[in-house]
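K.L.:
Read off the chains here:
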Amino acid sequence: MTRVPEESTIFPSSTPSSAAPSASTPSTSMPRHGSAPAPRGSARPRRKIGLGRKVKPGLLHRVWAVPSIILGLLFTLGPICVIVAFSFMSRPDVGGGVKFAFSTEGYRKLLFREDFFGNSYFDPRYLEVFWTSLWMALVTTAVCIALAFPIALWISMRTERTQRILVLLVTIPFWTNLIVRTYAWMLILNDNGPINAFATAFGFGTQHMLYTTGASLIGLIYTFLPFAILPMYSALSGFDFRLAEAAYDLGATKGVVLRRIILRAARPGILSGIALCLIPAFGSYVQPVLLGGGRVLMVGNLISSQFSEARNWPFGAAISTVILVITLLAALVASVMGNRSARKAGESA
Amino acid sequence: MASATAGAKGAMFRVARAVRSGLVSAFGAPSIVAHAAASRKPPTAILNATSTPALTTATATAPTNATVRLTRDAAVDRREAGLTVGRARKTFISAEDKEVKAIDDVSLAVNAGEFFIMLGPSGCGKTTLLRSIAGLETLDAGEIYIGDQRIDNLPPYERPVNTVFQSYALFPHMTVAENIAFGLEMEKKPKKQIDATVAEMLDLVHLSEFGRRRPSQLSGGQQQRVALARALAKKPKVLLLDESLSALDFKLRRQMQTELKRIQRETGITFIFVTHDQEEALSMGDRIAVFHNGRPEQIGTPEQIYDEPVDRFVADFIGDINFIDARITGPREIETAGVRLAVAQDLSGFATGKGVSAAIRPERITLMPRGKADGAGAGAGAAGPTFDGKPVFDGTVTESMFMGFDMRVHVRLATGETVMTRLAPPFDASLIAPGTPVSLGVESDHIRVVER
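Residue numbers (the working numbering), protein chains in the order written: chain A, 1 to 349; chain B, 1 to 452.
Since the hints were derived computationally from the structure, they do not count as laboratory data.
Computed cross-link-like contacts, DSS-like style, restricted to lysine-lysine with a CA-CA straight-line distance of at most 25 Å:
#1 B:188 to A:254
#2 B:189 to B:235
#3 A:254 to B:235
#4 B:191 to A:254
#5 A:254 to B:237
#6 B:237 to B:261
#7 B:189 to A:254
To be clear about the criterion: a stretch of chain B counts as covered by chain A if any three or more of its residues have a C-beta under 8 Å from a C-beta of chain A, and this derived list gives those stretches:
#8 132-142
#9 164-178
#10 181-188
Backbone N, C-alpha and C define an ideal beta-carbon position, used for all residues, glycine too.
When you get a sec, could you build the whole thing from the sequences and use the hints?
P.N.:
Shown next, in the form of structure tokens:
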């Protein structure tokens with residue numbers, strides 16, 4: 001039987017997937033792959049394990065899963081419920097926090113501004129923040145995917161031992177706090193940093209890199225590159241390179257082999273990588289503040305400022321809820337499309 | 001932002017290129033592109049091991065122009081052959097830093113339209129040679145021609161050969177029809193023509209109903225046929241099959257062997273089939289090359305390989321055989337187990353008195369009761385006791401094994417050597433009990449003398 005590389009796991013076991021808590025949700029809802037035979041899992045007969053029924057040795061009774069499930073639900077859904085609830089409350093007269101009175105003010109503020117006399121005007125300022133976040137996330141994702149593909153391909157072609165070491169190297173950033181790592185970038189991009197030392201030594205003069213949009217993009221790309229490499233490596237590590245040989249043998253040039261065979265095998269990894277980069281990058285907070293100097297506001301910064309300086313908790317909660325809904329909708333659409341293409345593949349077969 | 005992405009794009013392509021060149025070296029063909037241009041040179045004069053592509057020059061179109069030197073003495077006209085390999089060499093560096101001669105000065109000529117088998121144990125170089133013909137490995141030295149076209153310097157995608165891989169290597173994300181069409185799409189054939197060829201190929205391998213399935217939805221035997229159809233769709237001059245049936249179970253393999261023979265007959269394409277299964281080789285091949293240590297020990301028809309093995313390795317590798325210590329006593333006579341035997345083989349190549357092995361197939365040995373042979377052998381001449389003209393050895397049955405279609409009987413000779421013989425049914429119960437004294441008879445032209 002030929003192997004079906006599409007079915008490999010998103011992450012190799014060595015990867016601490018907990019390092020991406022916000023990303024783990026979309027990765028499961030992303031389309032795995034169209035061509036994977038759909039009825040595989042459903043064809044397996046289900047074993048019934050109920051209370052009072054004899055359970056096979058080695059299998060835990062499902063009652064034991066209940067505490068974990070409750071805790072899990074509490075941790076995942078709890079904060080979301082609080083945020084959604086807050087978004088429909090109103091501001092207290094002074095300070096932060098919320099007043100327990102229903103209001104849609106937070107959502108209205110996203111699009112409209114009220115002047116002193118109570119007239120509403122369309123206000124594009126917050127939409128612009130969304131737009132900025134989106135294109136920065138898109139650029140980050142595009143660059144990460146483009147960089148990650150050759151890296152992942154290169155890793156997957158090493159010997160097994162080397163592969164393990166290289167994957168470990170890719171995960172090294174996860175071992176340190178993001179803020180510490182971003183500070184390191186501040187030192188590197190600094191006017192007196194090593195890059196500028198080189199630039200001045202070769203007569204280019206000091207380049208102001210820190211506190212620019214470019215700097216935040218570098219920070220974002222740096223942060224999310226491993227999230228693009230790992231799923232793609234995972235998809236490619238199961239790739240049978242004899243398929244590439246077969247394609248050569250059938251008259252395909254190297255470019256065609258790369259496009260039609262290898263890139264195709266990496267596709268589920270690429271899709272996961274896009275989800276893992278795009279969604280968290282959209283809401284990133286640290287890089288625009290530390291590297292961008294707060295000049296470019298992203299959605300994450302907008303939210304945080306509402307909970308701190310602006311002391312408008314309902315508005316902050318409303319923005320968070322909007323992002324959540326957008327993300328969920330995107331994931332839903334992707335999942336439906338994935339299912340449809342999988343069904344199509346099944347029908348044609 | 002624009003400049004940032006542009007820079008990143010450039011970097012991406014640089015990395016991609018680096019990765020791609022790494023990819024090729026991973027396939028063991030680092031210089032396929034570099035040599036591509038050299039192949040356009042006109043055919044060379046007499047080719048020998050010292051000539052390199054850069055040094056060879058074209059001369060007038062004399063008949064000798066088209067010969068490939070197979071050894072220092074022999075040369076063949078490659079225009080009449082389907083595929084010619086001339087003095088090919090390839091050395092690998094093993095894990096222990098030792099040089100391993102995977103292909104050790106191999107020369108052979110495969111006739112056009114022939115079913116040619118490269119047979120040998122694993123690591124004998126047969127697969128490396130096949131991959132070199134396909135272009136997936138690069139030779140250190142030597143030439144490969146298909147008809148008049150030199151191909152060893154062409155990249156795999158420009159060679160008029162196609163391969164059926166051991167693992168089938170079907171593209172999992174494509175349907176059966178798309179798999180078969182892939183090679184034709186590479187040739188930029190019109191869609192209509194591709195569809196027609198795909199249908200024709202599916203019909204050839206009896207899979208017309210399966211065009212829209214995916215490889216994972218097919219059985220091993222069906223996948224095998226798809227791999228065959230995919231390779232044949234390109235209408236190659238030579239089809240290479242790399243251990244193509246070894247993944248199939250016994251019955252299916254038998255069936256596919258017949259099928260392959262049929263397809264080869266129908267298409268008239270030269271087949272080069274690599275296998276380690278001697279039975280498969282004997283039953284399918286027009287000719288067989290038995291490989292050992294990176295070179296063919298013997299090339300011949302299945303009958304030649306089976307009945308007239310040139311050395312101990314070939315004799316031992318093909319089928320069951322007995323080796324009995326013997327000594328050369330004349331140009332057509334040996335002495336073994338105290339008996340002088342006349343042999344049909346010309347032994348002038350061996351020095352008189354030299355210790356050799358007499359190789360005898362079990363089914364060529366006649367098992368008979370001891371007394372019968374003694375009586376008949378009374379009038380035997382210098383060649384010792386005989387029975388119906390067969391020289392006779394005395395021995396004792398040590399073991400008998402029922403194999404279904406025959407009985408294997410082990411007989412210990414007076415010299416202490418054990419000889420295996422096959423008894424066809426109906427089995428004579430008086431001959432097979434351990435401890436029974438018996439006599440063994442063998443025709444003189446069924447004794448093969450090989451180096452010890």
